[in-house]
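Q: Sequence order for the protein chains is A and B.
Start counting the first sequence at 1; every next residue gets the next number (the working numbering).
Start counting the second sequence at 1; every next residue gets the next number (the working numbering).
Just so you know, the hints here were simulated from the structure itself, not pulled from any lab data.
Please note that a few of the clues may not be correct.
Since the list gives no way to pick one copy over another, a pair counts as held whenever it fits inside one copy or between any two copies.
As the list claims (entries may be wrong) - Below, a list of computed lysine-lysine pairs in the BS3-like style, where the Cα atoms sit at most 25 Å apart:
(1) K186 x K167
(2) K219 x K88
(3) K167 x K191
(4) K210 x K242
(5) K210 x K88
(6) K146 x K196
(7) K467 x K333
(8) K242 x K167
(9) K107 x K157
(10) K210 x K157
(11) K196 x K290
There are 2 protein chains.
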Amino acid sequence: MKSIWDEEYDIVIIGSGFAGLSAAIEAGKVCPSVIVLEKMPAPGGNSSISGGLFAAAASPLQAKDRIIDSPELMLSDMLAAGLELNNKELARIVAENSTEALLWTIKELGVKYKPRLSHLGGHSVARTYNTANTSGSGIIKPMLAKCRDLGIPIRLKTYLTQFILSKSGEMEGVAVREDYLFPNRKSGVLKRIRAKRAVILATGGFSQDKEFRVIQDPKLTEEIESTNHQGATAEGLIAALKASATPIQLSLIQLGPWASRDEEGFGVGSMFSMLAGFPYGILIDVRTGKRFINEQADRKLLVDAMLSSDRESIAIVDQKGGQHASTLDQCLKRGVVKKFESIKELAAANTVPLAPLKETIEVYNSLIEKGRNDAFGKPLPIDLQPIRVPPYYSIRLTPKIHHCMGGIQINAEAQVVHIETHRPISRFYAAGEVTGGVHGASRLGSNAIPECIIFGRIAGINAAAQKPRP
Amino acid sequence: MKSIWDEEYDIVIIGSGFAGLSAAIEAGKVCPSVIVLEKMPAPGGNSSISGGLFAAAASPLQAKDRIIDSPELMLSDMLAAGLELNNKELARIVAENSTEALLWTIKELGVKYKPRLSHLGGHSVARTYNTANTSGSGIIKPMLAKCRDLGIPIRLKTYLTQFILSKSGEMEGVAVREDYLFPNRKSGVLKRIRAKRAVILATGGFSQDKEFRVIQDPKLTEEIESTNHQGATAEGLIAALKASATPIQLSLIQLGPWASRDEEGFGVGSMFSMLAGFPYGILIDVRTGKRFINEQADRKLLVDAMLSSDRESIAIVDQKGGQHASTLDQCLKRGVVKKFESIKELAAANTVPLAPLKETIEVYNSLIEKGRNDAFGKPLPIDLQPIRVPPYYSIRLTPKIHHCMGGIQINAEAQVVHIETHRPISRFYAAGEVTGGVHGASRLGSNAIPECIIFGRIAGINAAAQKPRP
Numbered sequence: 001m002k003s004i005w006d007e008e009y010d011i012v013i014i015g016s017g018f019a020g021l022s023a024a025i026e027a028g029k030v031c032p033s034v035i036v037l038e039k040m041p042a043p044g045g046n047s048s049i050s051g052g053l054f055a056a057a058a059s060p061l062q063a064k065d066r067i068i069d070s071p072e073l074m075l076s077d078m079l080a081a082g083l084e085l086n087n088k089e090l091a092r093i094v095a096e097n098s099t100e101a102l103l104w105t106i107k108e109l110g111v112k113y114k115p116r117l118s119h120l121g122g123h124s125v126a127r128t129y130n131t132a133n134t135s136g137s138g139i140i141k142p143m144l145a146k147c148r149d150l151g152i153p154i155r156l157k158t159y160l161t162q163f164i165l166s167k168s169g170e171m172e173g174v175a176v177r178e179d180y181l182f183p184n185r186k187s188g189v190l191k192r193i194r195a196k197r198a199v200i201l202a203t204g205g206f207s208q209d210k211e212f213r214v215i216q217d218p219k220l221t222e223e224i225e226s227t228n229h230q231g232a233t234a235e236g237l238i239a240a241l242k243a244s245a246t247p248i249q250l251s252l253i254q255l256g257p258w259a260s261r262d263e264e265g266f267g268v269g270s271m272f273s274m275l276a277g278f279p280y281g282i283l284i285d286v287r288t289g290k291r292f293i294n295e296q297a298d299r300k301l302l303v304d305a306m307l308s309s310d311r312e313s314i315a316i317v318d319q320k321g322g323q324h325a326s327t328l329d330q331c332l333k334r335g336v337v338k339k340f341e342s343i344k345e346l347a348a349a350n351t352v353p354l355a356p357l358k359e360t361i362e363v364y365n366s367l368i369e370k371g372r373n374d375a376f377g378k379p380l381p382i383d384l385q386p387i388r389v390p391p392y393y394s395i396r397l398t399p400k401i402h403h404c405m406g407g408i409q410i411n412a413e414a415q416v417v418h419i420e421t422h423r424p425i426s427r428f429y430a431a432g433e434v435t436g437g438v439h440g441a442s443r444l445g446s447n448a449i450p451e452c453i454i455f456g457r458i459a460g461i462n463a464a465a466q467k468p469r470p
Numbered sequence: 001m002k003s004i005w006d007e008e009y010d011i012v013i014i015g016s017g018f019a020g021l022s023a024a025i026e027a028g029k030v031c032p033s034v035i036v037l038e039k040m041p042a043p044g045g046n047s048s049i050s051g052g053l054f055a056a057a058a059s060p061l062q063a064k065d066r067i068i069d070s071p072e073l074m075l076s077d078m079l080a081a082g083l084e085l086n087n088k089e090l091a092r093i094v095a096e097n098s099t100e101a102l103l104w105t106i107k108e109l110g111v112k113y114k115p116r117l118s119h120l121g122g123h124s125v126a127r128t129y130n131t132a133n134t135s136g137s138g139i140i141k142p143m144l145a146k147c148r149d150l151g152i153p154i155r156l157k158t159y160l161t162q163f164i165l166s167k168s169g170e171m172e173g174v175a176v177r178e179d180y181l182f183p184n185r186k187s188g189v190l191k192r193i194r195a196k197r198a199v200i201l202a203t204g205g206f207s208q209d210k211e212f213r214v215i216q217d218p219k220l221t222e223e224i225e226s227t228n229h230q231g232a233t234a235e236g237l238i239a240a241l242k243a244s245a246t247p248i249q250l251s252l253i254q255l256g257p258w259a260s261r262d263e264e265g266f267g268v269g270s271m272f273s274m275l276a277g278f279p280y281g282i283l284i285d286v287r288t289g290k291r292f293i294n295e296q297a298d299r300k301l302l303v304d305a306m307l308s309s310d311r312e313s314i315a316i317v318d319q320k321g322g323q324h325a326s327t328l329d330q331c332l333k334r335g336v337v338k339k340f341e342s343i344k345e346l347a348a349a350n351t352v353p354l355a356p357l358k359e360t361i362e363v364y365n366s367l368i369e370k371g372r373n374d375a376f377g378k379p380l381p382i383d384l385q386p387i388r389v390p391p392y393y394s395i396r397l398t399p400k401i402h403h404c405m406g407g408i409q410i411n412a413e414a415q416v417v418h419i420e421t422h423r424p425i426s427r428f429y430a431a432g433e434v435t436g437g438v439h440g441a442s443r444l445g446s447n448a449i450p451e452c453i454i455f456g457r458i459a460g461i462n463a464a465a466q467k468p469r470p
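From just these sequences and the hints, can you work out the full model?
A: In structure tokens, the structure reads:
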């Protein structure tokens with residue numbers, strides 16, 4: 001009988017972002033034949049264009065800065081933002097392994113980070129490392145180099161159309177279209193690739209899937225922009241569901257509060273808001289000149305507040321605050337951030353009523369000088385200073401669709417869980433944004449990279465430990 | 001070749017609650033052979049033990065009471081409670097057809113309702129009919145009688161194990177276990193039943209499925225009680241997902257704020273709170289003696305408030321308020337509601353601090369006498385009176401899992417939508433709580449029965465209009 005398979009590998013990995021490449025590296029270290037399939041014409045997916053922010057609890061930089069942190073504190077921040085919809089076991093694995101995963105990227109991959117931590121919204125303390133180039137590509141490129149060293153091919157333009165299960169319900173391989181031209185689903189040539197040990201799904205989220213996301217959350221119509229790359233669509237997730245994976249929390253889709261209204265996608269403005277505007281500046285409703293929330297709240301709280309009462313939001317920061325964003329020059333060049341010599345000019349250009357804005361800034365400054373928590377409960381890091389030194393910077397904001405908290409269910413071993421039996425589907429693993437449960441109602445900024453790397457590595461190690469089928 | 005089928009009907013309906021029986025009646029009127037399959041040993045499912053509350057916009061009783069209402073107002077109430085996660089097209093169908101569906105139960109089935117409307121939480125106006133026996137059985141029994149008249153068999157102890165699709169992807173029939181003994185999934189005899197025209201899924205929600213619900217919302221552990229009957233489990237939903245239905249919003253699961261701590265399940269206390277305690281009384285935190293929310297808020301807001309700050313909640317009402325609940329005598333007999341001659345006695349028995357409780361009642365009474373909205377924004381119906389006339393009644397409350405807003409996706413024609421193509425699966429319909437999208441984040445009380453009847457009838461009519469396969 002002729003085999004239905006065109007090719008055969010020990011381990012087949014779908015997706016070449018943080019999760020897929022982490023899995024590939026761990027699997028490739030012990031296993032002779034591993035392949036990574038990527039539907040787009042370039043590797044790295046959404047990970048490449050992310051901000052390269054990495055949350056780690058009890059890290060070396062925290063020790064240096066005498067910041068007291070622990071996995072327990074990180075976990076409690078995750079559960080608070082997640083409204084306890086998190087799968088606590090999975091969330092705990094991320095918190096407890098975050099620093100180990102960070103050190104792995106440094107020691108094993110040679111990733112370079114800036115020497116200063118950032119304090120992102122919803123985190124109790126500063127625990128976020130920044131890649132040296134302020135981008136996820138600072139991790140993806142060393143990962144790709146490592147895959148090259150290990151002899152792991154990344155086959156581009158290769159699109160998963162279907163998982164193939166054995167009669168006994170084990171994951172056996174995948175049907176793909178090679179030479180696929182995104183987004184033409186009829187393009188390319190059908191092929192079947194067998195996995196002797198296991199298949200790992202790491203296809204990311206579906207923020208750019210305009211049909212599927214609006215089914216899950218009818219508010220997310222096609223008019224709403226996304227920070228994600230065009231390939232962030234739902235086919236991998238759907239293929240897994242068709243193979244009896246369990247859908248969880250698909251309607252929990254996060255918008256990023258920090259994106260610029262004056263550029264497309266994630267752009268350069270998002271990092272400006274995250275690193276400077278929100279922690280060191282204030283968020284203002286243009287119509288009133290007033291603050292309306294703790295700028296360091298988690299993303300869901302921020303977006304809910306920005307979208308209520310038809311607010312038009314801008315973030316304002318002064319010269320000292322602006323220094324914290326390494327994307328400042330790019331933002332100014334692209335017109336995403338505007339520069340003003342006075343608050344009066346800033347108010348006029350943004351059509352903010354001047355008197356209330358001045359009062360807002362004065363009240364805020366006096367709170368900082370007194371070292372007091374203000375009415376909105378914004379945490380006051382030690383290096384926070386009054387907004388007083390010109391030039392002043394402003395960025396116009398609009399929430400953009402950013403992250404899918406939901407996905408398919410996995411267990412602590414990164415095994416995909418069957419929808420009927422609630423037991424693992426044999427030889428089937430998944431990691432990263434295609435899975436659900438770690439973050440609950442709201443993912444905290446900089447928690448995605450540790451999640452992807454930690455569960456990607458678990459998947460890779462466990463897949464390689466499977467006994468190969470004949 | 002021997003047929004794989006043991007039996008054949010024009011239309012096969014799974015589930016014998018409001019949705020399934022409504023579908024059966026409409027289908028049976030035009031179609032020679034319809035069968036209803038029910039896994040439990042008795043028909044009616046959760047519908048039988050529901051409160052029999054039916055929301056209808058612009059109804060005859062509203063006209064008589066000069067209550068100004070419209071489908072638009074009902075729709076806007078649904079979207080507000082649903083946090084606009086509702087599928088608006090489906091929600092609109094419920095609002096626009098609610099009165100027609102109510103009249104259908106009266107004219108076609110002979111259902112008897114009380115002559116007075118109730119005003120349930122989250123509804124802008126009183127628009128809720130009550131069945132004469134304060135129970136969903138007041139509708140289920142006439143539906144069963146109608147099925148008998150139409151010659152439609154209700155086959156009990158018949159458990160759906162799998163949907164069977166044709167090679168072209170059409171719904172063709174079901175595999176079941178006959179003589180099934182809930183919850184033993186190995187019991188009974190396997191059989192295959194073919195549907196010449198269509199299959200209709202109406203298996204309800206999964207509030208009692210302790211494994212599946214905690215996957216979707218990890219807070220809903222097995223310690224938390226449910227108001228639902230034991231058969232409210234997820235197998236029908238899961239079978240549909242395995243047949244390529246689209247899961248939507250499965251993590252949106254509602255707790256009912258009105259259930260008694262002193263009895264199991266929905267009991268008799270729930271209706272007391274809904275009809276008397278919340279609209280005509282006050283909700284108090286036992287530890288403070290103070291109100292903490294508008295008692296007529298929607299269920300999600302109420303439960304969120306009850307669960308925050310470890311509140312222990314009781315509802316209090318006086319003699320006049322208590323009259324609005326027809327279950328009062330049963331509640332007193334079972335000890336679910338307690339009766340006191342004075343507020344002092346009530347406070348002592350419930351360990352509420354007396355002085356703050358008295359003050360709370362005085363403030364509340366004075367607001368009612370002035371006809372003013374209070375700080376919590378409780379709507380003040382014209383017949384609302386101060387809490388002043390002994391005896392006083394109290395009920396101890398605890399949130400219980402009540403309703404699954406999520407389920408499988410259907411379109412306006414009650415067709416099940418395919419997860420990959422986003423197009424209807426041919427000859428496959430669904431209605432009621434097994435579907436998702438109508439209610440978004442929170443279903444308003446008394447909106448389930450119109451939803452089930454409206455989409456059940458649509459499914460039945462459309463299924464009967466299918467051309468039979470040879």
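Q: With reference to the structure, classify each hint as holding or not holding.
A: Hints, verified against the model:
With identical chains, the CA atoms of K186 and K167 are at most 25 Å apart between copies only, with a shortest distance of 21 Å across copies and 28 Å within one. With identical chains, the CA atoms of K219 and K88 are at most 25 Å apart between copies only, with a shortest distance of 10 Å across copies and 28 Å within one. Within a single copy, K167 and K191 get their C-alpha atoms as close as 20 Å, and across copies as close as 21 Å, so both meet the 25 Å cut-off. When the C-alpha separation of K210 and K242 is checked against a cutoff of 25 Å, the pair qualifies both within a copy, at 20 Å, and between copies, at 23 Å.
Within a single copy, K210 and K88 get their C-alpha atoms only as close as 30 Å, which misses the 25 Å cut-off; across copies the closest is 17 Å, which meets it. For a Cα distance limit of 25 Å, the shortest separation of K146 from K196 inside one copy, 23 Å, qualifies, whereas the shortest one across copies, 58 Å, does not. With identical chains, the CA atoms of K467 and K333 are never at most 25 Å apart, being 55 Å at best within one copy and 65 Å at best between copies. For the identical chains of this complex, K242 and K167 are neighbours both inside a copy (15 Å) and across copies (16 Å), given an alpha-carbon limit of 25 Å.
Taking the shortest Cα distances, K107 and K157 never come within 25 Å of each other, neither inside one copy (31 Å) nor across copies (61 Å). When the C-alpha separation of K210 and K157 is checked against a cutoff of 25 Å, the pair qualifies only within one copy, where the shortest distance is 21 Å, while the shortest distance between copies is 42 Å. For a Cα distance limit of 25 Å, the shortest separation of K196 from K290 qualifies neither inside one copy, at 61 Å, nor across copies, at 65 Å.
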